[in-house]
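Participant: Just so you know, we're using the working numbering here: the sequence shown kicks off at 3 and counts up by one.
No wet-lab data here; the hints were simulated from the structure.
Just so it is clear, the structure is predicted and the values come from calculations on it, not from any experiment.
Any given hint could turn out to be false.
What the hints assert, rightly or not - Here are the simulated lysine to any residue pairs, SDA-like style, with alpha carbons at most 20 angstroms apart:
1) LYS79 <-> ALA109
2) LYS79 <-> PRO123
3) LYS79 <-> GLY38
4) LYS7 <-> MET81
5) LYS79 <-> LEU60
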Amino acid sequence: MRNLKVILSYDGAEFFGWQAQPDANTVQGTLASAIGRITGEKVLPQGSGRTDAGVHALAQVMTFVTESSIPAENFLKAMNDILPASVRVLQVTEAPEDFHARHSARAKTYRYRIYREAICPPFLARYVWHYPYPLAENEMMRSAALVVGEHDFTSFAAVDPERGKAAGLRPATGSLRIRSGQAPTRSHTSTAASNVRNIFSSSWERMGEELVYTVRGSGFLHHMVRNLVGTFILVGKGTWKVEDVSRILDARKRSAAGATAPASGLYLVDVEY
Numbered sequence: 003m004r005n006l007k008v009i010l011s012y013d014g015a016e017f018f019g020w021q022a023q024p025d026a027n028t029v030q031g032t033l034a035s036a037i038g039r040i041t042g043e044k045v046l047p048q049g050s051g052r053t054d055a056g057v058h059a060l061a062q063v064m065t066f067v068t069e070s071s072i073p074a075e076n077f078l079k080a081m082n083d084i085l086p087a088s089v090r091v092l093q094v095t096e097a098p099e100d101f102h103a104r105h106s107a108r109a110k111t112y113r114y115r116i117y118r119e120a121i122c123p124p125f126l127a128r129y130v131w132h133y134p135y136p137l138a139e140n141e142m143m144r145s146a147a148l149v150v151g152e153h154d155f156t157s158f159a160a161v162d163p164e165r166g167k168a169a170g171l172r173p174a175t176g177s178l179r180i181r182s183g184q185a186p187t188r189s190h191t192s193t194a195a196s197n198v199r200n201i202f203s204s205s206w207e208r209m210g211e212e213l214v215y216t217v218r219g220s221g222f223l224h225h226m227v228r229n230l231v232g233t234f235i236l237v238g239k240g241t242w243k244v245e246d247v248s249r250i251l252d253a254r255k256r257s258a259a260g261a262t263a264p265a266s267g268l269y270l271v272d273v274e275y
């Protein structure tokens, strides 16, 4: 048996999320079908996390076990020949037997793109959140820093504990800590049901016509990044003040935070092992 690690990119607008579902076009189901055609095996690849419908990936990671002797480089070519243009396999490598796309992950980075101009080009619309209304962008930049560190992110989690649990990285064994110049190390303070996550960096940046949010952390709850963005938007609108973000964190209630931002602007950028 071989354990293969695959890095892939996909256009989330084409899929009803990552997780395979009956009668729905999903990334996991599409990949399983392609692998089955190549190997003749029934395989369900495991991703580093479940992206929602409309969420994109620049470098999602998945693993699958196979008895096939096909070389890794030939897998890459064969899968890209079979897969739709909305999914591209970027790399296929042999992985140790105990390597798992989700359980072995140490950190993830997500990016959220907001298009700020009055008119959004039609070819960009499904890859950004078009928000042309006034925002105090400097206040949003200040508020983003308040979520850095280890916090209980219940206020920013979807009211869906099973999905929230699945979206984290090895939550049953604790959260991760990072010290400057060192690799992440694990803390054993959290439990399987914990909504505690460690955010290593959180920042907004103006990039031409776009306002871009980038966040890196030990793991993310279901809808967590989109709920953070929806909250920062309210700071930008002046509905809340910068310091209200700390109050929302402490409240540990989903109703205390802002609405969930649209899926179209969210990207899984990187998974670290």
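Participant: For every hint, state whether the structure bears it out.
Facilitator: Quick rundown of the hints versus the structure:
1. The straight-line distance between the Cα atoms of LYS79 and ALA109 is roughly 29 angstroms, outside the 20 angstroms bound, and the hint therefore fails.
2. Using a Cα cut-off of 20 angstroms, the hinted pair LYS79 and PRO123 is violated, with the two alpha carbons roughly 33 angstroms apart.
3. Proximity of LYS79 to GLY38 is assessed by CA-CA distance (about 15 angstroms); at most 20 angstroms being required, the pair is judged to hold.
4. With a C-alpha separation of about 13 angstroms, the suggested pairing of LYS7 with MET81 holds against the 20 angstroms cut-off.
5. As the CA atoms of LYS79 and LEU60 are separated by approximately 19 angstroms, the hinted pair is consistent with the 20 angstroms bound.
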